[in-house]
Structure formats: C-alpha cells, structure tokens
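Undergrad: One letter stands for each residue in the lines below.
Protein chains: 2
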Amino acid sequence: MERFRWQVAAVAAVGLALALEALPSVLCWLRAGRRQQQRPPRRQVLFFPSQVTCTEALLQAPGEAPSGPPAGCRCSLPHGESSLSRLLRALLAARASLELCLFAFSSPQLGRAVQLLHQRGVRVRVITDCDYMALNGSQIGLLRKAGIQVRHDQDLGYMHHKFAIVDKKVLITGSLNWTTQAIQNNRENVLIMEDEEYVRLFLEEFERIWEEFNPTKYTFFPQKKRSH
Amino acid sequence: MERFRWQVAAVAAVGLALALEALPSVLCWLRAGRRQQQRPPRRQVLFFPSQVTCTEALLQAPGEAPSGPPAGCRCSLPHGESSLSRLLRALLAARASLELCLFAFSSPQLGRAVQLLHQRGVRVRVITDCDYMALNGSQIGLLRKAGIQVRHDQDLGYMHHKFAIVDKKVLITGSLNWTTQAIQNNRENVLIMEDEEYVRLFLEEFERIWEEFNPTKYTFFPQKKRSH
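For the record, the sequence lines run as chains Y and V. Numbering-wise, the first sequence is residues 1 to 228 according to UniProt numbering. Numbering-wise, the second sequence is residues 1 to 228 according to UniProt numbering.
What the hints contain is simulated information worked out from the structure, not anything from laboratory work. Glycine included, every Cβ here is placed at the ideal spot set by N, Cα and C. Take the hints with a grain of salt, since some may be wrong.
Derived Cβ-Cβ restraints for the label pairs, each shown as a range [said to hold, decoys possible]:
(1) 203(V) - 41(Y): 15 to 25 Å
(2) 217(Y) - 146(V): 39 to 49 Å
(3) 97(V) - 154(Y): 35 to 45 Å
Generate coordinates for the entire structure from the input sequences, incorporating the hints supplied.
TA: Structure, rendered in structure tokens:
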C-alpha cells in the first residue's frame with residue numbers, strides 16, 4: 001500500500017512538473033500566433049519620376065455618375081500601378097484626419113484626392129508656403145474654396161516641408177513637392193511609414209507651425225523673398 | 001529498500017522535470033541579455049531652421065595647427081548642439097564611404113565636413129543637379145577641385161533628391177537642401193535612419209543614377225529649364 005502511494009506521488013510529480021514545463025512554450029506559442037496575426041507596420045519607398053498612368057479609378061467620387069471614367073477605364077494611358085498611384089492610395093486610406101505640410105501643391109490628381117477625402121468627412125488641414133500658393137495651377141485656392149482650412153507662413157524663410165500624416169498613424173515624407181513637374185520629371189523620393197515615433201514628432205511639428213501660422217496673428221503682408 | 005528506491009526515483013523525476021522547466025526561461029534570459037547588449041539602431045529626426053551655433057570644434061582637421069578654433073572655442077556663437085551640428089556629426093561618423101545625392105549644395109560647413117572625410121580616406125561620391133551647381137557659394141566646384149567625383153544630370157527634370165548614405169549603413173534624407181538659406185531660415189526636416197532596407201533601396205537608386213549620369217555618356221550641353 002505504501003509502495004503504491006509513492007508510485008502515485010512520483011507519477012503525479014512528473015505530470016505536474018511536465019505540465020509546468022510546457023507552460024512557457026504554450027504561452028510563447030500563443031504569443032507568436034498573436035504577433036503573426038498583427039499586420040506588419042506599413043513601410044514603402046516611392047521613387048520618382050513616376051510613370052504616367054490613369055488614376056481615374058482611384059479618384060472616382062462615390063456619388064459620381066457611372067458615365068465618368070469607371071474602374072475599367074479605356075483611356076489611352078497605362079492602367080497599372082505607379083509611384084503616383086501608390087501615393088494616392090496611401091492618402092485615400094485616410095478615414096479620420098489628414099495633415100498636409102507642403103511647400104508647393106499643384107498636382108490636380110493629388111488635389112482631387114484631398115478634396116475627395118474632405119467630402120468623405122475626413123478632417124483635412126493644410127499648411128503651405130505663401131510664395132508658392134499662387135504657383136501656376138496651385139491647388140491651394142481650390143482647397144480653400146472647398147472649405148478646407150489652409151494656413152501659410154508670412155516670413156522670409158520657406159515653409160519647405162513636404163509631408164502628410166494619415167489618420168495620425170502613417171507619415172508620408174520626402175523630397176517631392178506635389179507638382180506635376182516633380183512627379184513626372186524629377187528624381188524624387190517619398191517614404192511611407194507607419195511608425196508611432198516619427199508620426200508623433202512630425203505631428204508635433206505640424207501643430208507647432210499650425211499654431212504659429214494662425215491667421216489671427218498676421219502682422220504684415222507677405223513680401224518678396226530672395227533666394228531658394 | 002523498495003520504498004527507498006521509489007523515493008529516489010520520485011525526487012530524481014521532480015529534479016529533472018524542474019531543470020527542464022527552467023531551461024526555456026534560462027534561454028530566454030540569455031537571449032534578452034544578448035539583445036540588450038546590441039546597440040539599438042540609430043533613429044533621429046532633425047527639424048530646421050537650425051539655431052546658429054559654432055561648429056568649428058567638429059570641423060577641425062586632425063593636422064591643423066592648434067592656433068585654429070579649438071574644442072574650447074571662444075567665438076561669440078553659442079557652442080551647444082543644433083540641428084546642423086547633429087547633421088554634421090552623422091556625416092562625420094563615416095569611416096569608409098559617403099554617397100551624396102543633393103539638389104543644391106552651398107553650405108560651407110557641410111562642404112568642409114565632406115572635404116574632411118575625403119582627406120581621411122573616406123570614398124565620397126556626389127550626385128547633383130546641373131542647374132544648381134553654379135548656385136552662389138556652391139560647394140560642387142570645390143569638391144571637384146579637391147578630387148571628389150561629382151556627377152550631374154543633363155536633362156530637363158531636376159535631380160531633386162536630398163539624401164546621403166553613410167558607410168552603407170545610415171540613410172540621411174528629408175526636405176533639406178544643403179544651403180545656408182535652408183538651414184538657417186526654412187522649415188525643413190531630416191531623418192537619420194540606421195535601417196538596412198531603406199539603405200539598400202536608396203543605395204540602389206544612387207547606383208542607378210550614378211551610372212546614368214556617367215560623364216562618358218554626355219549627349220548635349222545642359223540647357224535652361226523652365227519651372228520648379
């Protein structure tokens with residue numbers, strides 16, 4: 001009887017110990033599963049000049065008549081992906097907010113994308129440079145007319161940033177001014193980064209400039225600048 | 001005697017099981033220790049305009065006479081850190097190679113840093129835009145004269161990148177042209193990223209352009225361009 005009790009105790013001890021031993025592995029496995037389920041943060045590098053492609057399918061407003069250029073558009077442009085279409089997609093993913101801090105903004109496609117987001121109820125705020133607001137084909141006037149808040153500098157330095165923040169989660173930044181000249185002809189780069197730290201730092205910079213360019217603080221009429 | 005044997009077996013089983021149980025934790029602990037020992041990859045965001053500070057101590061060539069501005073320089077400028085001094089530090093960390101892909105380059109401090117690296121035996125290669133090579137105070141002629149290889153475009157689009165790659169390990173990129181105007185007056189950003197993937201992609205872009213701008217392939221003399 002005594003021997004039997006010791007046998008049971010030994011088996012129970014081994015069982016318990018094995019169960020305890022397996023625990024970290026099981027936890028590890030569960031944690032790894034959860035990590036795999038999480039989508040990896042978005043990282044993309046776009047180089048320009050961008051191939052000229054049709055972006056109509058991307059820019060179709062939901063309420064527009066189906067007679068407009070549809071998803072199966074037959075215009076003569078290529079319909080594949082390009083650096084511009086990837087940039088448009090990254091912007092059009094916005095659901096709640098879009099901050100734009102842009103030296104020059106005259107690309108009609110990017111202008112339409114921003115107006116679309118505004119129509120969808122996304123809170124759009126734009127900071128730009130006062131000297132480049134009147135650029136040929138500038139989108140700034142159109143955005144203001146559509147009811148989007150735009151603020152600009154009134155000093156001699158350039159507001160030379162070229163970044164966007166989508167839903168306070170994704171930072172889009174690089175050398176690219178949002179002009180057709182730059183998109184189609186220049187060597188440029190754009191980084192698209194889902195990165196908490198970078199987004200925080202650039203959002204702080206945006207809010208600093210937004211507050212500084214508050215239109216109630218205008219002190220003088222913008223004057224001509226000298227060099228780039 | 002039999003009872004004693006079972007007691008020994010039970011104790012041995014528990015001991016073995018406990019040892020096995022502890023194994024993953026010990027491995028985990030060792031691995032965590034190794035991770036902590038590794039320096040975290042460098043990530044820095046610089047915003048401009050930069051405070052004007054004295055950068056002489058950083059730019060002192062090793063062979064220069066000690067009568068030049070020393071580490072304890074007494075000039076009237078502040079001697080603390082600034083965005084420019086941080087950018088200089090990131091560049092001056094180069095030991096083997098430096099690729100520069102810059103639209104405009106006229107900052108004398110950044111020019112001196114690049115010349116210092118060249119003197120130290122770092123392999124420096126520069127790509128720039130042909131229209132901005134003759135900018136007031138351009139550093140490009142000085143770099144060429146010092147024996148640094150410079151290549152430039154010969155087409156109508158701008159070579160508008162503003163990036164550097166240090167030792168094929170650190171990418172420095174952003175909106176900043178390397179001019180005193182931009183450094184001291186503009187709103188600008190520069191990212192410093194020790195990131196294998198970004199470095200690989202930007203190095204590929206550099207090599208593509210380097211090969212394309214090969215001076216043996218010149219086809220015509222640069223002409224005036226139109227708009228930015």
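Undergrad: Please go over all the hints and tell whether each is borne out by the structure.
TA: Okay, the hints, checked on the actual structure:
1. Distance hint for residue 203(V) and residue 41(Y): a CB-CB separation of about 22 Å, consistent with the stated range 15 to 25 Å.
2. Distance hint check: the CB atoms of residue 217(Y) and residue 146(V) are about 46 Å apart, consistent with the given range 39 to 49 Å.
3. Evaluation of the 35 to 45 Å hint for residue 97(V) and residue 154(Y) yields a pass: the beta carbon distance comes to about 43 Å.
Consistency with the previously given hints is maintained throughout, with no hint failing.
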